[in-house]
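**Q** Below, each chain spelled out in residue letters.
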Amino acid sequence: MTDNARHLMMTRRHLLGKSATGIGSLGLASVLNESLFSNTTGSFPGRAKRVIYLFQSGAPSQFELLDHKPELQKLHGQELGADFFEGQRQTGMTAGQKKQICRSIYSFKKHGQSGVELSEMLPHLSTVADELCVVRSMQTQAINHDPAITFFQTGFQQAGRPSMGAWVSYGLGSDNKDLPAYVVMISEGSGKRDSQALYGRLWGNGFLPSAHQGVKFRGKGDPVLYLSNPTGINSQQRREILDLSQALNEKHYQEVGDPETLARIKQAELAYRMQTSVPGLMDHSDEPERTFELYGEASKTPGTFAANCLLARKLAEKGVRFIQLYHRGWDQHGDMPRDLPLQCGDVDQPSAALIKDLKQRGMLDETLIIWGGEFGRTVYAQGGLDMSRYGRDHHPRCFSIWMAGGGIKPGTTYGTTDDFSFNVTENPVHVYDLHATMLHCLGVDHEQLTYKFQGRHYRLTDVHGQVVPGLLA
Amino acid sequence: VEASRKLAERVMHTVKGSDSEKSDTEKLEWLFRITTSRRPSPDEIDLLVSTFQAALRRYVDHPELAEQLMTVGESSYDPRLSVTQLAALAAIANALLNTDEVITKN
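As you go down the protein sequences, you meet chains B and C in turn. Each step along the first sequence adds one to the number in the working numbering, with nothing skipped, and position 369 is 369. One gets the working numbering by counting positions in the second sequence from 1 and adding 1000 to each.
One or more hints might be untrue.
[To be verified] Quick list of in silico lysine to any residue cross-link-like pairs, SDA-like style, CA-CA up to 25 Å:
no., chain 1, residue 1, chain 2, residue 2
1, B, K300, B, E269
2, B, K314, B, G345
3, B, K266, C, K1105
4, B, K359, B, A473
5, C, K1105, B, H124
6, C, K1006, B, N234
7, B, K49, B, G411
8, C, K1105, B, V215
9, C, K1105, B, K359
10, C, K1105, B, L270
11, C, K1006, B, S228
12, C, K1105, B, G200
13, B, K177, B, Q275
14, B, K314, B, L225
15, B, K266, B, E240
16, B, K110, B, H124
No lab work stands behind these hints, which were simulated from the structure alone.
Whole structure, please, built from the sequences with the hints as guidance.
**A** Structural data, given as structure tokens:
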């Protein structure tokens, strides 16, 4: 921890030492004063107060959605030789096959006043084109899903480091003591039934104190299991038992000083508060019908991307700092024409709705929305060139995402790729740079938000990353 | 919850004595020792006793709550024992079973 945080730890000890007996909930209230827990580097005021990250797991194809490559219409079918790849690492899946350029079957158009170019597969998003910043020059190093998504989430291809949500929770704390600072929701894609798995460690806290881990809200049924009181114990009894338990925990912490004890104290208190705050979230009875029209029919079905987007808005309103949605099923190695429309059907309308909804409520400016996957797809088709069934393999050297709100420059396209969407030609944005920029929007200097572990100071961007001024408003 | 009330029952059977305050303290100390593997400090005993007495008062005033607690789960309980005592002890047992110290094996 920084020296600042260490000093705060001393302060807590003194606090606990002074109120040794009969701490009860009053003492806890002061112990759980958020400012003591957050490690606000707060070097400058950021535009964004929160992030809603719409992660598209599987890697959506930039050719079909965000990166228009008209040259491919002419070059379609041409074979790419070994010299084209310049010894680049390829996946085992397509290393052996003939590689033929494959055009996209979808058309692109410029939209809005800004002329942001989007494919016909994103009709709803096209109506908010003027809010979007489409980044075509994203880069990563990982070529397969697990390392790539781990890299996106934690800044390192191997698991073990804190996720970006955990860093944000650590750096900025929570605006709402009744909800976790970092919430995760997952939805299944309509396009691919057997999609990549997602692991709890992707929203984990790594070596940061456990209190900063992401809390996954289940899509169907109770958002959080075992939240309600068991039979035989009512709220009053629960509070009494919890008070005793916490008092003993705090004594133990005084003697031993294990930060995990502190995390447990905090989590138990949060769980108690979530007993009342979470059921209220799922209650959409005061939501007007037009909200559901905006997000689409699917938003009435719990567990869909649309429903999660609506929940994301509500969580944003309640001060949750980092809201992450994962939508699965984008890994179209084949059957793109069949599956991509289904995927877009899942996400297009709700994503646009979220932007519109937040803007209506005056919250778009302070909410950073990021939409994208873990890498891009190849210009060559995987398998054959059958245009009714084509697919693409993984491609890390360039891919596209879009961002909106939270201090990002709207109505622009940032970065360019070559005609094959193979290499970035202008303004590359590495994942580290995206992280740095995201933290900058939140008012955090990515080089200052560190945590000492195993003898050195770690940060989300490790020893890399630069804020990209061209992305900022 | 069921584990807590069975633990409470075990305490009642193991720590014999008249229904006096000293006996209550003995029961609580035994409960503490069996869960944490150490003796409680005077402060800790005070905490246990005050919560126990508050819980006992509640169950004496609302015996139906005690009944409810004692019927959770599949196992029965010894009808010779005082339901209110059992329930109050169960509450303490529950609190102890949920402390960081008891849950975490270092």
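**Q** Tell me if the straight-line CA distance from K1006(C) to S228(B) falls inside 25 Å.
**A** holds (22 Å)
**Q** Taken at face value, is the distance from the CA of K359(B) to the CA of K1105(C) at most 25 Å?
**A** Answer violated: K1105(C) to K359(B) is near 50 Å, above 25 Å.
**Q** Given the hinted pair K1006(C) and N234(B), is their Cα-Cα distance within 25 Å?
**A** holds (19 Å)
**Q** Measure nothing beyond the straight line between the CA atoms of K1105(C) and V215(B); if it is 25 Å or shorter, mark the hint as holding.
**A** holds (24 Å)
**Q** Hey, K110(B) versus H124(B), does the alpha-carbon distance stay inside 25 Å?
**A** Distance of about 13 Å is within 25 Å: holds.
**Q** Is the hinted pair K266(B) and K1105(C) satisfied, with a Cα-Cα distance of at most 25 Å?
**A** holds (19 Å)
**Q** Are K300(B) and E269(B) close enough, with their CA atoms no more than 25 Å apart?
**A** It is violated: about 31 Å lies between the C-alpha atoms, which goes past 25 Å.
**Q** Can the restraint linking K314(B) and G345(B) be considered satisfied, given a maximum Cα separation of 25 Å?
**A** This hinted pair holds, its Cα atoms lying about 22 Å apart.
**Q** If you draw a straight line from the CA of K1105(C) to the CA of H124(B), is it 25 Å or shorter?
**A** violated (53 Å)
**Q** Has the given pair, K177(B) with Q275(B), been kept, meaning a C-alpha gap of at most 25 Å?
**A** holds (13 Å)
**Q** Measure nothing beyond the straight line between the CA atoms of K314(B) and L225(B); if it is 25 Å or shorter, mark the hint as holding.
**A** With Cα atoms ~20 Å apart, K314(B) and L225(B) stay inside 25 Å; holds.
**Q** Are the Cα positions of K1105(C) and G200(B) separated by 25 Å at most?
**A** Status holds; Cα separation ~23 Å.
In the structure shown, a violation is registered for the earlier hints numbered 1, 5 and 9, in ascending order.
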